[in-house]
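Same order as they appear, the protein sequences are chains A and B. If you read the first sequence in this note's numbering, its first letter stands for residue 1, the second for the next number, and so on. If you read the second sequence in this note's numbering, its first letter stands for residue 1, the second for the next number, and so on.
Hints may contain errors.
Taking lysine-lysine and the DSS-like style, the derived pairs with C-alpha atoms no more than 30 angstroms apart in a straight line are [what the hints assert, rightly or not]:
(1) Lys133/A / Lys93/A
(2) Lys171/B / Lys144/A
(3) Lys140/A / Lys27/B
Heads up, incomplete: computed chain A residues facing chain B, CB under 7 angstroms, no partners named [said to hold, decoys possible]:
(4) Val30
(5) Leu35
(6) Asn119
Non-contacting residues of chain B with respect to chain A, defined by C-beta distances greater than 10 angstroms in every case (computed) [as the list claims (entries may be wrong)]:
(7) Ala23
(8) Ser39
(9) Ile167
(10) Gly168
(11) Trp197
(12) Gly257
(13) Phe262
Rather than coming from a laboratory, the hints here were simulated on the basis of the structure. Ideal Cβ positions, reconstructed from N, Cα and C, are used throughout, including at glycine.
Chain by chain, the residues run as shown.
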Amino acid sequence: MRFEMGTSPLRQAQDIALLEIKDLHVHFDVYGGTLKVLDGVNFTVHSGQKVGLVGETGCGKTTTMKSILRILPMPPARIPRGEIYFKAQDVLKMGDGELRQVRSEGISMIFQDPTAALNPVFTIGQQLGAVVKYSMEGKKLSKKEIRERAIIPLKEVALPDPERMLDSYPIQLSGGMRQRVCIAMALVASRELLIADEPGTSLDVTIEDQILRLLHRLVEEKNVSVILITHTLGVVRETTDRVYVMYAGNMVEVADTEELFAQPLHPYTRGLMDAVPRLTGGGIADGIPGRIPDYLNPPPGCRFYPRCPQAMDICRQEKPSFYGKRSGVSDNHEVACFLYQDGGKGA
Amino acid sequence: MSIVGLVTVLLIVFLAVFAPLVAPHPKHASAFVDFANASSPPCRTYPFGTDVVGRDILSRIFFGFRFSLVMGVVVLALVVPPGVTLGLVAGYNQGTWLDTVIMRITDIFLAVPPLVLALAICSVLTPNLFNAMIAVSLMWWPWYTRLVYGLASTLRNEFFVNSAEAIGASKAHIIFREILPNCISPIFTKMSLDVGWVILIGSSLSFVGLGVQPPRPGLGTMVADGARYLPDQWWISVFPALAIVVIVLGFNLLGDGLRDMFAAEEV
């Protein structure tokens, strides 16, 4: 396994992952049955690592991230099985106080729609002030101090005229500015893990690029671990160390970024890469026929088999577990597909 | 039209506050007898006429506004904070036992016709203005709980609520600082519309003798007093009744205006 050394004393225990999700199941109770959305997700982030998470809309990426912070609406959501360890402590078993500490000091999240992530009735200053207040557990700050501290992250995200920005309402800012504000909020406290849930999706291409560059620079400076969720494979390739590919509530493949792009194994990963339209022309890509299965009655066995070009009989009956890469290549590449059963080292 | 409502409401508030100064016969507001001028039709001295014991109807209406406004303001002050809080708590915890308990109790109160419930409560207690206010309050809070519940259960899924949760904000912060400010305009609109309705219910209670007690001049009480002398001495009942119409209409127009204003803001 590859590690990047952190500087904080908390990061000394290198054999313990910063975040480790084990066999996470999330169900939603709805009228007419139970949506079995997450079906045994395994996911690991080490200190200093930048992890990408890709998959099509509705495959459970955001649900996974929300369950880490326990901000899923429960009910209707329910976690029947699974563990989420943040620094070796199970988030799902935490009391209110511990959970609040993880939220205010350990993990922060940037949401995909910056317009919806800001409360429309408060100024930027009031909202950043609240974040500052909550990241200072126990310490009382005067209004002036809060304001001074709130300006710092606004400067870091390269917003013009931060003083005036503090007194603006979200509606007075452009989409790119709002997303910068959201990033500023996420960076107020020096956290250890930043979850960026499609930070550029709702913005246009040039602004998305700026935002991602900014994010990249800031996490490098602050040595924060990152989970980056995105639909844009190019972004993943440029900014992450390791990539997880998710399909219908399962992780189907994980590998170091270079390795994954050089040699995608899972039929879904390959389909995803083929679906990227190329600027050099050649028509619209084929993509993957079909769509995400119904979570009310998901297919038994591998959830991808109805759409899989290489489906076999076993795929209909059994759920594949993670197999190491066929002999000869690194151990860091794992894929949940029966095609690789024989060459793998077993689950 | 909302300006008409605003002017009407301001005028009524002014008349009520300064009733002792602006009323032509302030003494007539309480126990006062002047049989010489009893049942006088509207004339120069008594623009709205006098009642059977010779009291000026106009002066009594001005003082009657006081009881009506107090009724409206006190009831809303009693009703809105708990109603809204319960709605916020239930809406934010939608789907949990807390939601079920709060909303089912709310439904039970909503299922009973309001006036019947108020009558029942009033008839058990001593009939006076204070108990009438208690009775109306007890039947009024569920409307706010319902209204706010609907808003809060939508708002709790907004990203800014998630985002506040994600930074470790307390439940109180989320409910009162993130969700409540986004519910304020519908609450205000409903309050301004409700003042009129509360006054109407209050007058109904007074009419059947369960609200403001004679000789104090409640508008409903005055209508009831004059009802026996209809249609010959029509002014005894009709003018207080018209006063109720004006006050309710004024608050409704104001409420409609506020609703339009808030709706325009959201575009």
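Quick rundown of the hints versus the structure:
At roughly 26 angstroms between alpha-carbon atoms, Lys133/A and Lys93/A fall within 30 angstroms of each other, so this suggested pair holds. Taking the CA atoms of Lys171/B and Lys144/A, the gap is about 25 angstroms. The hint holds against a cut of 30 angstroms. For the hint pairing Lys140/A with Lys27/B, the CA-to-CA distance comes to about 59 angstroms; that exceeds 30 angstroms, so the pair is violated. Hint on Val30/A is violated. Least Cβ distance to chain B is approximately 11 angstroms, over the 7 angstroms limit.
Because the beta carbon of Leu35/A sits about 14 angstroms from the nearest beta carbon in chain B, more than 7 angstroms, this interface hint is broken. Proximity of Asn119/A to chain B holds as hinted, the smallest CB-CB distance being about 4 angstroms (cut-off 7 angstroms). No beta-carbon of chain A is positioned within 10 angstroms of the beta-carbon of Ala23/B; the least distance is around 44 angstroms. Every CB of chain A lies more than 10 angstroms from the CB of Ser39/B, the least distance being 57 angstroms, so the non-interface label holds.
For Ile167/B, the shortest C-beta to C-beta distance to chain A comes to about 5 angstroms, within the 10 angstroms cut-off, and the non-interface label is violated. The claim that Gly168/B lies off the interface is violated: its Cβ sits roughly 3 angstroms from the closest Cβ of chain A, which falls inside the 10 angstroms cut-off. The claim that Trp197/B lies off the interface holds: its Cβ sits roughly 28 angstroms from the closest Cβ of chain A, which is beyond the 10 angstroms cut-off. The claim that Gly257/B lies off the interface holds: its Cβ sits roughly 21 angstroms from the closest Cβ of chain A, which is beyond the 10 angstroms cut-off.
Against chain A, the non-interface label of Phe262/B holds: every CB pair exceeds 10 angstroms, the least being about 12 angstroms.
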